[in-house]
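Each chain, written out:
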Amino acid sequence: MEQSLLFVAASIIIGLGAVGAAIGVGVLGGKFLEGAARQPELIPLLRTQLFVVLGLVDAVPMIGVGLGLYIMFAV
Amino acid sequence: MAAKGNTYETTGEYIQHHLTNLVCGKTDAHGWTCDPHYADQMGFWSFHVDSLGWSIFLGAIFIGLFRAGVSRLSNEAPSGLQNFVEMCVEFVNENVQSMFTSAKNPLIGPMALTVLVWVFLMNLMDLIPVDYLPSAAKAVGIEYFKVVPTTDPNITLGMALAVFILIIFYSIKIKGAKGFFAELAFHPFGKYLMPVNLILEGVNLLAKPLSLGLRLFGNLYAGEMIFILIALLLVFNSISLGLLGVGLHLLWALFHILILGLQAFIFMVLTIVYLAMAHETEDH
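Residue numbers (our numbering), protein chains in the order written: chain A, 1208 to 1282; chain B, 24 to 307.
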């Protein structure tokens, strides 16, 4: 029973983290494309900022994945 | 590869072993010791010797490499190393100049370069296959050996703490203690709601180093975790699973290179941005 609860917990951590990051990256990428289409000369600048924010958005679900795998395999 | 010569009862034990640091510290009963059996008795004075050693070693590599790159400067025929160093310095310089506009501070550029290259080198240790160095250490009698310094929260939070101290220092130096307090106390809601402002801005201030350190740690920890899990595929003495493991290692390593560089870059960018915010003097 307790073991299966751990799996449920890990799947919630990984799944909800993925949902949040997917929404975030979707909005981010969409806005980037919009901005790039409006002002193509700003693409290099925008790309740098894109990667910075992408790293920020990406960090939380990755931490979630790490913790989730730890819960599943090592606890 | 993983199970050879070692005896791990369960996968959990294998993972735990790979995520445990080599701790040296002072115990009440035994004095200074590196014996892992006494690790839980060490109180405040316990050091993760492997993380510290690797980070200092990589810092020395960084200094030595860049020193060698600029020792024989040449305009006509720059060496490859010189070009590399120039590229790094120019990249950092560009970023600092575009983000650090509020004041002049000659410390920021070198610090940003150090943060970028050092954190990147520490992250890069993640690409060394997870069993090589720990089993080499085991061969010379060291039980636990964790290679990647940035998967140790002590290292990342330590660096974040250094950035935090610099933020406080420059806030007080540029704005004065009074100005710094005014920024914390009067900012969102005006002076009549001072306690609320203090709580909000205090949380804001403390969240900076915490998120800075934990972000780097979490990313690298998760990456290391996945490497270890893939390495578990090689335990089963099956050729097809082994090949699958090698393929997955390669894939994850290729993807992870992006994360390694990106996280080092983000750490540098956030350091610059936080310090630029600390230098801002105009009222909001």
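In case anyone wonders, no lab produced these hints; they're calculated from the structure. Incorrect hints may appear among the rest.
Stated by the list, open to error - Which residues of chain A face chain B? A few of them, derived with a C-beta cut under 10 Å, are:
1) Leu1223
2) Ala1243
3) Ala1244
4) Ile1270
5) Tyr1277
Note that the coordinates shown come from a computational prediction; the quantities given were computed from them, not determined experimentally. No residue lacks a Cβ here, since even glycine has one placed at the ideal position from N, Cα and C.
Open item on the list: Min Cβ distance, alanine 1244 of chain A to chain B: is it shorter than 10 Å?
Closed with: violated (23 Å)
TODO: Mind checking the CB of leucine 1223 of chain A against every CB in chain B and telling me if the closest is under 10 Å?
DONE: Since chain B brings no Cβ nearer than about 16 Å to leucine 1223 of chain A, farther than 10 Å, the hint is violated.
Open item on the list: Given a cut of 10 Å on the nearest C-beta pair, is the interface hint for tyrosine 1277 of chain A held or broken against chain B?
Closed with: Nearest chain B Cβ about 6 Å off; hint holds.
Task: Hinted contact alanine 1243 of chain A with chain B - closest CB pair below 10 Å - done: violated (19 Å)
Task: Residue hint isoleucine 1270 of chain A, partner chain B, criterion CB-CB below 10 Å - done: holds (3 Å)
The earlier numbered hints that this structure contradicts are 1, 2 and 3.
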